[in-house]
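There are 2 protein chains.
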Amino acid sequence: MDLTALFSLNYGLYVLATRDTDGKYVGCVVNAAMQITAEPPSMAVSSNSQNYTTGAVLRSGMFTLSVFSEQAALKTISTFGFRSSNDIDKFKAMPYIVTESGMPVLTREVCAYVECKVTGSEDIYTHKLIRGDIIDSRRLSKESPMTYNYYHKVVKGKTPKKAASYQNG
Amino acid sequence: MDLTALFSLNYGLYVLATRDTDGKYVGCVVNAAMQITAEPPSMAVSSNSQNYTTGAVLRSGMFTLSVFSEQAALKTISTFGFRSSNDIDKFKAMPYIVTESGMPVLTREVCAYVECKVTGSEDIYTHKLIRGDIIDSRRLSKESPMTYNYYHKVVKGKTPKKAASYQNG
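So the sequence lines, in the order shown, correspond to chains A and B.
For the first sequence, numbering that gives the first Met the number 0 assigns the number 0 to the initial residue and increments by one for each residue that follows.
For the second sequence, numbering that gives the first Met the number 0 assigns the number 0 to the initial residue and increments by one for each residue that follows.
Hint data in this document are derived by calculation from the structure and do not stem from the laboratory.
Check the hints yourself; a few may be wrong.
Since the list gives no way to pick one copy over another, a pair counts as held whenever it fits inside one copy or between any two copies.
[What the hints assert, rightly or not] Here are the simulated BS3-like cross-link-like pairs (lysine-lysine), alpha carbons at most 30 Å apart as the crow flies:
| # | residue 1 | residue 2 |
| --- | --- | --- |
| 1 | K91 | K161 |
| 2 | K141 | K152 |
| 3 | K155 | K141 |
Can you make the complete structure from the sequences, with help from the hints?
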């Protein structure tokens, strides 16, 4: 088995976010998200069970995915990716909008977003595989979306050990 | 809702394949596949419930994902993507290898593959969301993997209506 072969799978880079039941906006970086049906449009996202945001998404029953563009700076990604929403308010110093349903969407270096209503979730080892119906989606800029490969090769980004597809270095 | 915003999500292009219980090698093209955990490595793939291959994967309990490289020709992709394994033997005129578990892996214009043991599946509207433990993965070439965007923009490929993320044209 050559686990580096898994780097051939394509991913984007997203901020999974929600408004927790106490009103706090929380978010974390995920790369494993995909549409699973077109009609009706629905999605699945894999998020580490230990992430504060994962629990908040399941409590609120709603989430957004902000799609990082290739212009996304490592600093922005790091704010959402390598710290816990339990410790800091990640949205505090960031530009964001709030959807009609009250969910936060990061707008810095983000080219689109998707908003979902959670329809189910399942424990898969270390992660929750969360499914949702897409209730809204919008483009925010014409920039190209960041790919996970671009993040590693061009942005020289790292992957935290809690990621769905951990890449060492 | 601007459903074209969903085009910002990143995908690859894969042949989902298996050895059916009658011994026949079957496969279809999917774009929605992702790793969901790193330790142990596991995956999820979304495949249309009407696809012959989807039923075969659930019967056999095993599947492979052959990762198309950017060099993949429309003709190769079309063979697996726009016809049914119920009607033709898609592997007949194609180069492929068979894994130790007896599963077929397309090798033409493919840069890597992943082999999985099915651990569960769920009906999500038109599709089955199939989960599997990764039991093997290998690189087959150093070419870059095809992205779904590259397929649409450069290869000028179409998407069948049964895809997880249908793009009109």
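Index of numbered hints that the structure contradicts, given in increasing order: none
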